[in-house]
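Protein chains: 2
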Amino acid sequence: MIILGIDPAMRRTGYGVIEMQSADRAAIVDCGIIGNARELSHSECLRRLYGGVGELVRNFHPDCVAMEEAFYGKNVKTSLILSMARGAIIAALAEQGVPIYAYSPRKAKQAVVGSGSATKGQVAAMMAVRFAIEIAGIPDDATDALALALCHGQVAAVPGLQDLLPQPV
Amino acid sequence: MIILGIDPAMRRTGYGVIEMQSADRAAIVDCGIIGNARELSHSECLRRLYGGVGELVRNFHPDCVAMEEAFYGKNVKTSLILSMARGAIIAALAEQGVPIYAYSPRKAKQAVVGSGSATKGQVAAMMAVRFAIEIAGIPDDATDALALALCHGQVAAVPGLQDLLPQPV
Chain A
1 MIILGIDPAM
11 RRTGYGVIEM
21 QSADRAAIVD
31 CGIIGNAREL
41 SHSECLRRLY
51 GGVGELVRNF
61 HPDCVAMEEA
71 FYGKNVKTSL
81 ILSMARGAII
91 AALAEQGVPI
101 YAYSPRKAKQ
111 AVVGSGSATK
121 GQVAAMMAVR
131 FAIEIAGIPD
141 DATDALALAL
151 CHGQVAAVPG
161 LQDLLPQPV
Chain B
1 MIILGIDPAM
11 RRTGYGVIEM
21 QSADRAAIVD
31 CGIIGNAREL
41 SHSECLRRLY
51 GGVGELVRNF
61 HPDCVAMEEA
71 FYGKNVKTSL
81 ILSMARGAII
91 AALAEQGVPI
101 YAYSPRKAKQ
111 AVVGSGSATK
121 GQVAAMMAVR
131 FAIEIAGIPD
141 DATDALALAL
151 CHGQVAAVPG
161 LQDLLPQPV
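Top line first, the protein sequences correspond to chains A and B.
Residue numbers for the first sequence follow our numbering, beginning at 1 and rising by one.
Residue numbers for the second sequence follow our numbering, beginning at 1 and rising by one.
Chain A with its partners taken away, still in its complex shape (with noise of 0.2 Å):
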């Protein structure tokens, strides 16, 4: 089972590529980042997040995606670009018949470092050691969309578990 994380953004989208080998074994196939430099206007940035989404469906043919959930963050306008992104990516998988489900970052942290509340360097110190990399070179977003993909895979991948899986998006 290859299981496809993605931490959506306008600007930095990041993503992780695992593969769940038996039910507690996962390793890391790839990780990285969709990035839209600045200067770019929404409509180029949504067009690179369809297209690039689109490649990592091709390249790595997941059998399902784990993304973060759409949030009310404090600054409404933030929460309704990042909305938009999501939406792009979200139409670059269903094109692709992928399935998606959808975490809260809280049940993520909580389903792969025990805690709901982790820093995002907590996150990723837990990553390097489930996933034996090191992660100094690895920005936080890419961490974030590797913790997103075992959240999903760790249930995902025990047999009988189905029923504690969110319904798809």
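Calculated directly from the structure, the hints in this document are not laboratory data.
Cβ coordinates follow ideal geometry from the N, Cα and C atoms, glycine included.
Be careful, since some hints might not be right.
[Claimed, not checked] Per the computed footprint, the stretches of chain B lying under chain A, defined by three or more beta-carbons under 8 Å from a beta-carbon of chain A, are:
hint : region
1    : 38 to 47
2    : 90 to 96
3    : 123 to 136
Position chain B relative to chain A; hints supplied.
Below, chain B alone, put in the same frame as chain A:
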């Protein structure tokens, strides 16, 4: 100059295609709805919006799009869902290289009816006169989209008024 007006929504996206025949004469080419049934998942709705908008562009070859601006409704959850729809639609338009201009509902109503607080019925009545159409069978979302297209067109079609147009999205 062909202008595609879009009133975006997850379930009922209105569209209207107009042709500016001169600076002060506009003709209707088509209008309607991209509808998504209540039982469809968000991912399926977004896939259909992306595809539907792409089809409109391929059918009508608009020079530009006039779209309703993002706004902060009373219901934050509804606003986030609407923003996802906008994201998928903008990604589709950007993929086809069509410039997008955003107008608030108030601005569009001011421009075409003369009052920012006009009702949907009043906007529809004005569209009936301007385009000499029978609007009884046309849904409000489609007449709103026609108003957006006209709001943009009546400035864009006048040589020398380009400075009055908003920045593309």
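How the hints compare with the structure:
1. Figure legend: the region 38 to 47 of chain B, annotated as covered by chain A; annotation consistent (6 residues with Cβ-Cβ distances under 8 Å, at least 3 required).
2. Beta-carbon proximity to chain A at under 8 Å applies to 6 residues in the region 90 to 96 of chain B; the threshold of 3 is reached and the given coverage holds.
3. Look at the region 123 to 136 of chain B against chain A: 0 of its residues bring a Cβ nearer than 8 Å to a Cβ of that chain, fewer than three, so the hint is violated.
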